[in-house]
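Trainee: If you want the building blocks of each chain, they are given just below.
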Amino acid sequence: MVLQLRGVTKSYATTDGPLPVLRGVDLGLNAGETLALTGESGSGKSTLLHLVGGLDAPDAGVIEVAGSDVARMDDEARAALRRETVGVVFQQFNLIPALDVAANLSFQARLAGRHDPAWQDVLADRLGLTPYLRRYPEQLSGGQQQRVAIGRAMATRPAILLADEPTGNLDESTADAVLALMLELVDETEAALLMVTHSERLADRMARRVHLRRGQAA
Amino acid sequence: MRRTALWGMMAHWRRHPGQFLTLLLGLALATALWSGVQAINAEARSSYATAAAALGQDELNQLVDPSGPIPEATYIALRRAGWGVSPVLEGRITRDLGVIRVLGVDPITAPPQAQMVDLSAPEDLVAFFSGRAYAPPELAAQLGPRFEGQEVRVAATLPAGTLMMDLGQAQRVLDRPDQVSRLLVWSEQPLTRRPLSEIAPALNEAAPEDRGDVARLTDSFHLNLTAFGFLSFAVGLFIVHAAIGLAFEQRRPTFRTLRALGVPARTLVGLLAAEVLALALVAGVIGVALGYAIAAALLPDVAATLQGLYGASVDGALSLRPSWWIAGLGISVLGAIAAAAQSLWRLWHLPVLAPAQPRAWARASARSMRVQGVIAAGMIALGLVLLGAGQGLVAAFAMLAFLLLGAALALPVLLSGVLGLGAGMARSALGEWFWADTRQQLPGLSLALMALLLALSANIGVGTMVGSFRLTFTGWLDQRLASELYVTARSEAEAAELRAFLAPRSTALLPIWSVEAPLPGGPGEIFGVADHATYRDNWPLLTALPEVWDRVAEGSGVLINEQLSRREGLSPGDSIALPVAWEAEIVGVYSDYGNPQGQVMIGLSRFESQFPRAAQLRYAVRLPPDETEAVMTALQREFGLPASTMIDQATVKAISLAVFERTFTVTAALNVLTLGVAAIAMLTSLLTLARMRVPQLAPVWALGLTRKRLAWLELMRAALLAALTAVLALPVGLVLAWALLAVVNVEAFGWRLPMHLFPADWLRLALLALAAALLASAWPVRRLARTAPSDLLKVFANER
Chain A
1 MVLQLRGVTK SYATTDGPLP VLRGVDLGLN AGETLALTGE SGSGKSTLLH
51 LVGGLDAPDA GVIEVAGSDV ARMDDEARAA LRRETVGVVF QQFNLIPALD
101 VAANLSFQAR LAGRHDPAWQ DVLADRLGLT PYLRRYPEQL SGGQQQRVAI
151 GRAMATRPAI LLADEPTGNL DESTADAVLA LMLELVDETE AALLMVTHSE
201 RLADRMARRV HLRRGQAA
Chain B
1 MRRTALWGMM AHWRRHPGQF LTLLLGLALA TALWSGVQAI NAEARSSYAT
51 AAAALGQDEL NQLVDPSGPI PEATYIALRR AGWGVSPVLE GRITRDLGVI
101 RVLGVDPITA PPQAQMVDLS APEDLVAFFS GRAYAPPELA AQLGPRFEGQ
151 EVRVAATLPA GTLMMDLGQA QRVLDRPDQV SRLLVWSEQP LTRRPLSEIA
201 PALNEAAPED RGDVARLTDS FHLNLTAFGF LSFAVGLFIV HAAIGLAFEQ
251 RRPTFRTLRA LGVPARTLVG LLAAEVLALA LVAGVIGVAL GYAIAAALLP
301 DVAATLQGLY GASVDGALSL RPSWWIAGLG ISVLGAIAAA AQSLWRLWHL
351 PVLAPAQPRA WARASARSMR VQGVIAAGMI ALGLVLLGAG QGLVAAFAML
401 AFLLLGAALA LPVLLSGVLG LGAGMARSAL GEWFWADTRQ QLPGLSLALM
451 ALLLALSANI GVGTMVGSFR LTFTGWLDQR LASELYVTAR SEAEAAELRA
501 FLAPRSTALL PIWSVEAPLP GGPGEIFGVA DHATYRDNWP LLTALPEVWD
551 RVAEGSGVLI NEQLSRREGL SPGDSIALPV AWEAEIVGVY SDYGNPQGQV
601 MIGLSRFESQ FPRAAQLRYA VRLPPDETEA VMTALQREFG LPASTMIDQA
651 TVKAISLAVF ERTFTVTAAL NVLTLGVAAI AMLTSLLTLA RMRVPQLAPV
701 WALGLTRKRL AWLELMRAAL LAALTAVLAL PVGLVLAWAL LAVVNVEAFG
751 WRLPMHLFPA DWLRLALLAL AAALLASAWP VRRLARTAPS DLLKVFANER
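Quick note, the sequences are listed as chains A and B, same order.
Residues in the first sequence are numbered from 1 upward in steps of one, following the working numbering.
Residues in the second sequence are numbered from 1 upward in steps of one, following the working numbering.
Hints were generated in silico from the structure; no laboratory data involved.
Every residue gets a Cβ at the ideal spot worked out from N, C-alpha and C, and that includes glycine.
Don't take each hint at face value.
[As the list claims (entries may be wrong)] Simulated restraints, written as ranges between beta carbons of each label pair:
1. Arg135/A x Ala278/B: 29 to 37 Å
2. Glu76/A x Trp7/B: 41 to 49 Å
3. Gly676/B x Ala60/A: 49 to 57 Å
4. Gly113/A x Ala289/B: 56 to 64 Å
5. Gly262/B x Ser173/A: 32 to 40 Å
6. Arg783/B x Arg135/A: 29 to 37 Å
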């Protein structure tokens, strides 16, 4: 199992005291499996994704990613997990504005020390980015930027791809195209995919679905 | 509507109090440095004006003898012939508290314009004749109630450093019996008076002076100070411009919304201008108060410099003038408007459908950088044109201003090129990102870096100038002060006794006799010089005709100092008109640092025949160095000579070097302040940018870098930019040094100095700049290293 969550809880400090966001979530995901994480606003979907990606630490519980417990990792180890084991696609794309498309595509793989130029060429080709390699993010459309973000995340051949509303900023047809590409690449690399989405239509295209309600899997 | 719109705009400052303080601080500092320098200048000029108006010199004609003092008998003869004249004796005495200018007057014959102290009460007049002296408050406080047997009273109307007394008392104190320096000519004269040529043919009638010689001489010094004050002001304005610009960018969404909600562009611009005006007034008040403190701290050094360099007396105390407050507030408002002009222009042209998010700096900057590059090239070209074609001190400073501003504007363009080169050479992903991201930060940091460049260039330029001057000056002192001992007798009789006493105890006794005399271009001094190896072997001649010392000794040629040579365009081979009625040939030019006036040296025998009444009191004594102490002790024992009349070589060199060092204290202080302002500019820019940096750094963190590593990279980025700026500041500073040495000094002081290089100083300055940059970035970097992951995640998540 690539991902296993047991009794994960997380709360945030607010002026009115701690605000519980996750209240003991259990979840498992196998290699090559796709899972849609749905739920209303504030149900804890993005928080769960951030915990799995090592972007934040849980208050309690176990989060095993590729056999390692993220909850027990220090800052350095979580940074290594983000570099080498997971790929993350954000709703806001979050490309690096100072780098061109080619450099953005290769950035994470090079940080992880596993840059494969041939694989990057394949990704650029499959994602339709070859004509734009020398352009900068601000010169691309939203759909193009999200394809760069997917390419960057897949360039390391991650064990698990995390996607937070990856099509939230795209129109319907572009969203469908982007998701299709993501599923194809996940299928080819046998990575697991955990995708946060509000869209029932997109969630239906995943193999499994988990609905979060008030911080718990429904 | 206006009130609501203003409330909406002001909300920004409520949320960003640090930025608000930055803006106030920048403007207050800029105003403080500028108004501090202006206060010093105003105080000094006020002192000169008082001195120039003393005894009605700015209104009355005067009778002077070009060959020296006027015998009192000549004065009496003129009075008997019907001339309405009043005698004045002026001289300087050295006491432990320093040099005092003694002014002897005759209140009975003095015309109304020359009455500096009210002596209309009979008892005051009697007390004055009996030995009461008057001094300005500062000098009176130093002298105490009595000075050498005379009662001392305070008279605020007297020029600084001047002790006024009855003519007879002054003749006694100055040991110049039966002499007067000049005669004041009444405005109204009897028609029956006989012509001057009949009674006193040696005297000339001189027209009143509208400005004192000192005011003219010190113009260049004050222009120097003003230039540095302006530089500091400009550096301060960089902070203000950066703060206002960033505030504008951050408020762009608010402005757009206000426009969309129906607030006209004109109203918005008016509100922003009113906001800037209010800020400027508050900052102006703080700045003027700070400027007062700076001026009060620096004025004693400036006063000492002016006294040492020009013999100009300036009050060491600062008075608070209303005009100064108004000027300070005015410059603050002008500075703020200049700094905000770009923002006001942008707001005027802001489309209602402008992007809601802060503008993409990188894209906008690419365009503006090209424009900036063109402007920079234009300014540098203009500076070079002025360098080739300009003349005078104002042209020299304008040239410097164009070169410095051009270099500052060119800095971001050059840095962008260097960083682009770095990015091209980077091999790792992190390296590529580091260089490219640093390049992207340039627009936000460029103003602070430009301020740093100006401060560093000024430091390198002025440091090189002062260092070169110090080296040259020290070598020159060694040449010029070759004698082991210098003695001044208190009277001619004592001088004769001294000569007899010292003859068997010394290897040579060299007279230092001089008279003040009108020279081409203004007043100056003529010295008699003995024919001796001391001069032949050591005197710092810059250029000379063959057999120069033989020509001087036989009286057929004279030496002039460099100042006179440059000012009047005189060279060896030219002739010069000297009193009395002597057209002398110039046979050499010598360097004469620390003296703004023209000076001529002639052979001793010729001096005695030209100026028979000149005082023969000062001597340079050559003797074995180890006997100096014993001879001084003997002189003290035999003649009771006070310490102030004898000085050995080592002491006079030490005093000269101390005067030299003090001369540049103000410059050094302004340099340090400018560097401090630049460091604050850096800190404020980095602090403001730190908030905007989070969205740029969060993705890199998310892709696998720790916050600590990112913080280190941020620190390295600041160090890299500071180091590159320091490297680029070096050539700019050297050009500045060259201009100061070869153009400004020649125009201001009349001498040109060779340029020496001080790489160790540059290295120290570069390290200082690095330290300043690291310190400035330490706070924002520490904040970044401690940013909670939840804050970084806000960049990615719109929900939890």
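Trainee: Next, verify each hint and record whether it holds.
Mentor: The hints, checked one at a time:
Distance hint check for Arg135/A and Ala278/B: the Cβ-Cβ separation is about 45 Å, which falls outside the suggested range of 29 to 37 Å. Under the hint 41 to 49 Å, the C-beta atoms of Glu76/A and Trp7/B, about 48 Å apart, fit the expected range. The given range of 49 to 57 Å is respected by Gly676/B and Ala60/A, whose C-beta atoms sit roughly 51 Å from each other. Range check, Gly113/A to Ala289/B: about 59 Å between beta-carbon atoms, so the 56 to 64 Å window is met.
Distance hint check for Gly262/B and Ser173/A: the Cβ-Cβ separation is about 38 Å, which falls inside the suggested range of 32 to 40 Å. Against the hinted window of 29 to 37 Å, the Cβ-Cβ separation of Arg783/B and Arg135/A comes to about 33 Å, which satisfies the hint.
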